[in-house]
Amino acid sequence: MKKALISLSTAGIIASSLSFPVMAQEEPSYCKEELVYSTIDLSGNLESMYVTNLFERTGSATEDLTDYGQYEALHLLNTTHSELSSQNNQTSIKTDEARVFTQGKVTDKRLPWTFQFTYLMDGKEVDPQTILDSKGTFTVKVSINPTDTTNEQLMDFVDHYALQVSTSMNLDTHFDLHSPNGITSTAGNKRQVQWTVLPGQEEDLSFTVRTTDFEELDWSINGAPLSLTIGDDLFDLSEFTDPLKELETGIQTLDEGSQTLYDGSLDLTNGMQDLLDGSNQLTDGTSQLDRSSQKLADGTNQAFTKSKTLEEGLSTLTQGSTQLAQASGQLKAGGQALSEESKPFFTGLTDLNQGISSLSEGLEEIETGLNQLDSKSDSLTSGSTAVLEALETMQRKVNEVELSMDSVSQLKEASRSIQTGLTTLSEGVAGMDSSISQYKGKLADAGVNPTELAGLNQNAADNLSELKQQLTVLQPLVEEGVIEESVLVQLQTAIEQTEKLASANAQYISGSDQLINGIHSQVKEDGALRSGSTQLVSSYKEFDQAITTLVDGLSSLPEEIAPLQSAISQLTNQYHTLDQGVQDYTAGVRQLSGGIDKATTAAEQLDNGSSTLLSGGKAIQSGIQDLSNGTTQLQEGASTLNQGINTAHEGSLAFTDGIGELRSGTAQLKDGSHALFVGADDLSNGLRSAKTGSSDLAEGADQLTDGTNELREETSGLPVKTKEKIDEAIEEFSNSDYEIQSYMDERNEETENVQFVIQYRAPEKEVDTTATDHSEEHESLWQKFLNLFK
Numbered sequence: 037m038k039k040a041l042i043s044l045s046t047a048g049i050i051a052s053s054l055s056f057p058v059m060a061q062e063e064p065s066y067c068k069e070e071l072v073y074s075t076i077d078l079s080g081n082l083e084s085m086y087v088t089n090l091f092e093r094t095g096s097a098t099e100d101l102t103d104y105g106q107y108e109a110l111h112l113l114n115t116t117h118s119e120l121s122s123q124n125n126q127t128s129i130k131t132d133e134a135r136v137f138t139q140g141k142v143t144d145k146r147l148p149w150t151f152q153f154t155y156l157m158d159g160k161e162v163d164p165q166t167i168l169d170s171k172g173t174f175t176v177k178v179s180i181n182p183t184d185t186t187n188e189q190l191m192d193f194v195d196h197y198a199l200q201v202s203t204s205m206n207l208d209t210h211f212d213l214h215s216p217n218g219i220t221s222t223a224g225n226k227r228q229v230q231w232t233v234l235p236g237q238e239e240d241l242s243f244t245v246r247t248t249d250f251e252e253l254d255w256s257i258n259g260a261p262l263s264l265t266i267g268d269d270l271f272d273l274s275e276f277t278d279p280l281k282e283l284e285t286g287i288q289t290l291d292e293g294s295q296t297l298y299d300g301s302l303d304l305t306n307g308m309q310d311l312l313d314g315s316n317q318l319t320d321g322t323s324q325l326d327r328s329s330q331k332l333a334d335g336t337n338q339a340f341t342k343s344k345t346l347e348e349g350l351s352t353l354t355q356g357s358t359q360l361a362q363a364s365g366q367l368k369a370g371g372q373a374l375s376e377e378s379k380p381f382f383t384g385l386t387d388l389n390q391g392i393s394s395l396s397e398g399l400e401e402i403e404t405g406l407n408q409l410d411s412k413s414d415s416l417t418s419g420s421t422a423v424l425e426a427l428e429t430m431q432r433k434v435n436e437v438e439l440s441m442d443s444v445s446q447l448k449e450a451s452r453s454i455q456t457g458l459t460t461l462s463e464g465v466a467g468m469d470s471s472i473s474q475y476k477g478k479l480a481d482a483g484v485n486p487t488e489l490a491g492l493n494q495n496a497a498d499n500l501s502e503l504k505q506q507l508t509v510l511q512p513l514v515e516e517g518v519i520e521e522s523v524l525v526q527l528q529t530a531i532e533q534t535e536k537l538a539s540a541n542a543q544y545i546s547g548s549d550q551l552i553n554g555i556h557s558q559v560k561e562d563g564a565l566r567s568g569s570t571q572l573v574s575s576y577k578e579f580d581q582a583i584t585t586l587v588d589g590l591s592s593l594p595e596e597i598a599p600l601q602s603a604i605s606q607l608t609n610q611y612h613t614l615d616q617g618v619q620d621y622t623a624g625v626r627q628l629s630g631g632i633d634k635a636t637t638a639a640e641q642l643d644n645g646s647s648t649l650l651s652g653g654k655a656i657q658s659g660i661q662d663l664s665n666g667t668t669q670l671q672e673g674a675s676t677l678n679q680g681i682n683t684a685h686e687g688s689l690a691f692t693d694g695i696g697e698l699r700s701g702t703a704q705l706k707d708g709s710h711a712l713f714v715g716a717d718d719l720s721n722g723l724r725s726a727k728t729g730s731s732d733l734a735e736g737a738d739q740l741t742d743g744t745n746e747l748r749e750e751t752s753g754l755p756v757k758t759k760e761k762i763d764e765a766i767e768e769f770s771n772s773d774y775e776i777q778s779y780m781d782e783r784n785e786e787t788e789n790v791q792f793v794i795q796y797r798a799p800e801k802e803v804d805t806t807a808t809d810h811s812e813e814h815e816s817l818w819q820k821f822l823n824l825f826k
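Under the working numbering, think of the first position of the sequence shown as 37, with each following residue one higher.
Treat the hints as calculated values from the structure; they're not laboratory data. Treat each hint with caution, since some may be false.
Computed spacing ranges between beta-carbons, pair by pair [as the list claims (entries may be wrong)]:
no., residue 1, residue 2, range
1, Thr166, His117, 24 to 32 Å
2, Leu524, Gly464, 50 to 58 Å
3, Thr285, Gly224, 56 to 64 Å
4, Gly172, Asp240, 18 to 26 Å
5, Asn225, Val509, 31 to 39 Å
6, Asp278, Gly224, 26 to 34 Å
Simulated pairs of lysine-lysine, BS3-like, Cα-Cα distance not exceeding 25 Å [unchecked claim]:
no., residue 1, residue 2
7, Lys342, Lys331
8, Lys177, Lys130
9, Lys226, Lys171
10, Lys171, Lys160
11, Lys281, Lys757
12, Lys281, Lys577
13, Lys577, Lys560
14, Lys281, Lys759
15, Lys130, Lys141
16, Lys577, Lys448
17, Lys141, Lys160
18, Lys560, Lys478
19, Lys504, Lys536
20, Lys476, Lys342
21, Lys331, Lys344
No experiment lies behind these values; they were computed from the predicted model shown. Where is the CB? At the ideal position from N, CA and C, for every residue including glycine.
Please model the entire structure based on the sequences and the hints provided.
Here it is in structure tokens:
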């Protein structure tokens, strides 16, 4: 059975403590106590178990003592006047002493609880024995569970026994000890953490501590029956019960008020229903008014829009009629002027018709002569073109000869440049040989051998690598604070950089020496590059001499060709002018012939058109007279139309103003009726919501009345019930009805107390004997008792 922890705020509850009750029973001749001492490993697993029995006589009788239980080995402690014999798990002790101790090893028994210890260093699970002397944040978690929930004897201890779990650590090397469910304290040079686990409690225990030199922990777990002795005089319950009496009176008042609230809510709901019916009728009437006013407003809007359109049309028509009247007057004056001024024009048309007829006859005679001249132009232009092409061909061939001579001259200069470059190249190869010889001589004078220098650099790089490995011996000095870690890091970095530089120098020196030797083998006097460049210079001298002889032989040829070239060029240029003149002349004749032909055709058309124009002019002259008469009549009709349109426009303005006023009024009527409808609808909705709310209020008030009635009944006598519940909670942990049973054998009816001591002891370190140990001053009752068995 798992029991919850009880936490009371009164100071008197803190006085509760663990004790070892002695239950009242028929007085035997002796009584027995059992101390079950067990050892566990670091993980909480059971390793060994010993049971120490204390027998104490209660009277003057001297009969033998009888003990039941299966022991692997059982012997007497601190007595010399007693005899012990065991058979079939029963032990007899003959003694005349008042107090007798026995101790035996147990191999087939189990503890009521199982323990599981989990250790973490910096968040990672570890084995504590592998991290000794380490530093970091150390966390311990302890899980306690029943060993066997089906074993009634073991579960009897689990349900009635409290456990005290504790450990300690060196105060000099462990800091910031925190436990969420434990009590921390200081005893001498030790920092302790202790937990009290109530019967049936299965809460996990834990603590965290920061350590600079981790050491293995001791564990001590003590189990004893829990007894809370709390009398009525320990604290005054009236502090709790008096306010509860006031609460009881308040609940009665609340119950009466809730009944009144329910009655009022019913009246409110009925009134809301009547108000809601009236608001629904108002909403229906305003809705009908809103729809009718909307139709009226729509009609006046349409009438106003049409009147504006009519007014705008009449205004435009008025302006147009005014302009028409003005234009007709101008048209009348223009028609009369046109009739008078067109008379000279029609007289000129007659003279023009006669001149065009004479022009047509002269152009026909000119066209006949030009046609004869144009038939002879083709033979003239073809002959001139052939002569010009022959002259241009001769000029091009002579120029090509001159260009070829220029190329020959450039050939000589290019060959001379090539010879100079080859000579310079050969001299450079010889100079390179001399420079390398001087370089090697200076190295020899300075005592520098490239091969040996590269070897020394490589040896230095190897030595630096070994030195970098040896720096690891300084790490303990960094951890102890003798050397700063940043200094060690800088030293390692400098060594690594120097190591890389020495290795690179070795490779560079070796490679440079091989490169210089390879180049020297080619440029020295018997080298392939040196001999090849010398032979190339010698061979090219003969080739350059042959080119010079050829160019000198051809140099006189341009002087002989020059007079011929000049004459051909002059003849070609002059004939260009002659040929262009021939082409222009023949083209002009052809154009003139074509132009005269077109002019003749145009003159004939012009002659025909002038006759037609003359006939049309007479008809136009008659029409202009008719136009003048018609514009006079148009001007009179336009004036009459303008007067009628002005009168209609004035009437449309008055009609539009009236429609506008009607439109404004209907719009106001529509807005007012709609606002009235919206207000009536909102009122109806609000009343409907209010009615729903009043119904909910009535229903809630009814529920509240039921609840307050129930609360009144349940809280009646609340102070007395509260005290009874507190007494029941205390009784649950008092173990007043618990009868202790023997752990070793239920036949041991004289057993008055059973205690469990479960320990883990870490291997002892060397202790400084000069230090003062004050731990004894803080020893608990349990520790003093356990010292008897060390």
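Going through the hints against the structure:
| no. | hint | in the structure |
| --- | --- | --- |
| 1 | Thr166 / His117: 24 to 32 Å | violated, 51 Å |
| 2 | Leu524 / Gly464: 50 to 58 Å | holds, 56 Å |
| 3 | Thr285 / Gly224: 56 to 64 Å | holds, 58 Å |
| 4 | Gly172 / Asp240: 18 to 26 Å | holds, 22 Å |
| 5 | Asn225 / Val509: 31 to 39 Å | holds, 33 Å |
| 6 | Asp278 / Gly224: 26 to 34 Å | violated, 48 Å |
| 7 | Lys342 / Lys331 | holds, 17 Å |
| 8 | Lys177 / Lys130 | violated, 48 Å |
| 9 | Lys226 / Lys171 | holds, 18 Å |
| 10 | Lys171 / Lys160 | holds, 13 Å |
| 11 | Lys281 / Lys757 | holds, 11 Å |
| 12 | Lys281 / Lys577 | violated, 138 Å |
| 13 | Lys577 / Lys560 | holds, 23 Å |
| 14 | Lys281 / Lys759 | holds, 13 Å |
| 15 | Lys130 / Lys141 | holds, 21 Å |
| 16 | Lys577 / Lys448 | holds, 13 Å |
| 17 | Lys141 / Lys160 | violated, 38 Å |
| 18 | Lys560 / Lys478 | holds, 18 Å |
| 19 | Lys504 / Lys536 | holds, 12 Å |
| 20 | Lys476 / Lys342 | violated, 118 Å |
| 21 | Lys331 / Lys344 | holds, 20 Å |
The structure is inconsistent with the numbered hints 1, 6, 8, 12, 17, 20, although it conforms to all the rest.
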